[in-house]
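Mind assembling these two chains? They're in different frames, but the hints should get you there.
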Amino acid sequence: MTDLPVWLSLLIAAFLVLGSTLALIGAWGFLRLRSFYDRLHAPTLATSWGTGGIVIASMLLASWTQDRIVMHEIVVGAALLATVPVTLMLLGRAALHRDRSEGSTEVPAARTPDTTPPSDAPLKEPR
Amino acid sequence: MSQMILNAALIYAQVALGAAACLAGLRILHGPRAQDRVLALDTLYIVAMLLFLVTGMRLGSLFLFEAAMVVAVMGFVASVALAKFLFRGEVIE
Numbered sequence: 001m002t003d004l005p006v007w008l009s010l011l012i013a014a015f016l017v018l019g020s021t022l023a024l025i026g027a028w029g030f031l032r033l034r035s036f037y038d039r040l041h042a043p044t045l046a047t048s049w050g051t052g053g054i055v056i057a058s059m060l061l062a063s064w065t066q067d068r069i070v071m072h073e074i075v076v077g078a079a080l081l082a083t084v085p086v087t088l089m090l091l092g093r094a095a096l097h098r099d100r101s102e103g104s105t106e107v108p109a110a111r112t113p114d115t116t117p118p119s120d121a122p123l124k125e126p127r
Numbered sequence: 128m129s130q131m132i133l134n135a136a137l138i139y140a141q142v143a144l145g146a147a148a149c150l151a152g153l154r155i156l157h158g159p160r161a162q163d164r165v166l167a168l169d170t171l172y173i174v175a176m177l178l179f180l181v182t183g184m185r186l187g188s189l190f191l192f193e194a195a196m197v198v199a200v201m202g203f204v205a206s207v208a209l210a211k212f213l214f215r216g217e218v219i220e
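Chains as they are written, first to last, in the working numbering: chain A, 1 to 127; chain B, 128 to 220.
Derived by calculation from the structure, the hints in this document are not laboratory data. Backbone N, C-alpha and C define an ideal beta-carbon position, used for all residues, glycine too. The reader is advised that the hints may include incorrect statements.
Below, in silico cross-link-like pairs of lysine to aspartate or glutamate (EDC-like), each with a Cα-Cα straight-line distance of 20 Å or less [claimed, not checked]:
#: 1; chain 1: B; residue 1: K211; chain 2: A; residue 2: D3
#: 2; chain 1: B; residue 1: K211; chain 2: B; residue 2: D163
#: 3; chain 1: B; residue 1: K211; chain 2: A; residue 2: E102
Derived coverage of chain B by chain A (criterion: at least 3 residues anywhere in the stretch with Cβ under 8 Å from a Cβ of chain A; other residues may be distant) [what the hints assert, rightly or not]:
#: 4; region: 133-139
#: 5; region: 151-157
#: 6; region: 198-208
Bound conformation, chain B alone (with noise of 0.2 Å):
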């Protein structure tokens, strides 16, 4: 029974942060301007260390956690450089 209802919400949470980052990809796709673009892909890696996390759960496996981590913080640091670009128009002055 317990399992059965875990089972249910691991399967909804990975269907709805899958349609999650299938939205994000469409805002990539057609975002009119370059900060859009930026913002889903930021939103796209948020969702994607969800999706890590909660695929983790349901495999009882330690090491996708700690992909979710290294996702989380690649992605801060990618998000940073773009929107340093979008700035100045280059990364390292």
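For reference, chain A alone in the conformation it holds in the complex (with noise of 0.2 Å):
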């Protein structure tokens, strides 16, 4: 790691200084907005840019320091971006189902439910 040459540890610090400052960013917005709904999306900031940045940052440095090219950081990457949205999704339809269930006048109301059922379904046989 001491002949790291200048323009690499650069371009490695541009990128850590980059994810990390994202991440403080989104748990600085987490703690400053006002309803659950526009906090659902601060912590994305961490996830996305400031995750990327530092998995990029760290498979610079480990190709360097091991003479060879090394993607195991893209594992990590890619199990948050399939995760977190599934995680955020459910979060959102669980406070929702909550502040209805409690009759929340700051939550559109649920629509009536669709009782005709799809084309496509099944024909009930008389018994």
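Given below as structure tokens:
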């Protein structure tokens, strides 16, 4: 690591600073925003380019120090990209469900359930 | 020279991620409702995982990377289970 060229260390430092600053801004917004549905958006700063920057910096440094292309960190980034939207969608739906079941006026009411069956539903056989 | 730039960036990243974890912890402490606390726990998981990656870069060790991977997967499972609990009042139906 002693013979790291300056341009590469500047690149790695830029990605590190980008990623960690975005994570910090996301956490700060998470503390500042008013309603839960606003707050749901703030942590995505940390999970999109926050993770991306740190993962890219880690890959660049590991690839230089081990003299080969190291791609392990892609796994972490891909796992987060796949899982975080699922988590946030579930949490948002759970919060909406809880607010509606309490009769809160701040969330839009649920549509009346559609009682007509879908057009490709199997026909019920009379017994 | 390059070593100094890299060290400064790594220290800055560690401090910023530590501060982000503290802010998420504050939201856990006085988040008004349960869904805020679950979301804050998810954020804390992700920030801790990024901190593991940065610390691994600083120490040049591969073990912290594996720990970060485990934390990422476990955080997803925990958050989904908690969201399911908020939805239905039970985890396994």
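Q) For this structure, which hints from the list above don't hold up? A) Checked against the structure, the only hint that fails is number 1, while the rest are satisfied.
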